[in-house]
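Engineer: Sequence:
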Amino acid sequence: MNILNIIRTLILEDEFLKSELDNRVYFYETSKNADITNSFVILTPIYDEPKTTVSDNYLSEEYLIQVDVETYHHQKTIDITKRIRRLMWENDLLPASSKLDMYFKETKRYVMSRRYQGVPKNQYYKEKHID
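Going by the working numbering, the sequence shown runs without a break in its numbering and finishes at 409.
Calculated from the structure, these hints are not laboratory results.
Cβ coordinates follow ideal geometry from the N, Cα and C atoms, glycine included.
Relax, there's no trap hidden among the hints.
Think about it this way: if two alpha-carbon atoms lie no more than 30 Å apart in a straight line, the pair counts; the simulated DSSO-like pairs of lysine-lysine are:
#1 310 / 296
#2 399 / 329
#3 329 / 377
#4 360 / 399
#5 296 / 386
#6 386 / 354
Distance ranges between label pairs, derived from CB positions:
#7 296 / 356: 16 to 26 Å
#8 354 / 334: 45 to 55 Å
#9 386 / 337: 39 to 49 Å
From just these sequences and the hints, can you work out the full model?
Structural biologist: Right, dumping it as structure tokens:
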């Protein structure tokens, strides 16, 4: 299971976020070809660990994911961050530690960074998994 693809899909299937971000949801960092002229999101996995064990095997994984929202407008940063928080909540990924709310003069962008932790809703192993 690729948690980054799951979260990216959740974000891009939301009408509000799709209109604000288009397809600007990146993994780990932006590439030099990435479109950073408008709002964008960077997803970074922090860790994953086995959960929900049955007969010496686990059926799911718990994740800790960092979501960075970067925009040129403070209110837009807040709105996108709150909508993502709601989507994460609806999918059993709850707010965890570490928050960053900053304005970076060098890039002239507002950045809000949040971490979410949990077992994503309806994301259990149905086939053989790799240990």
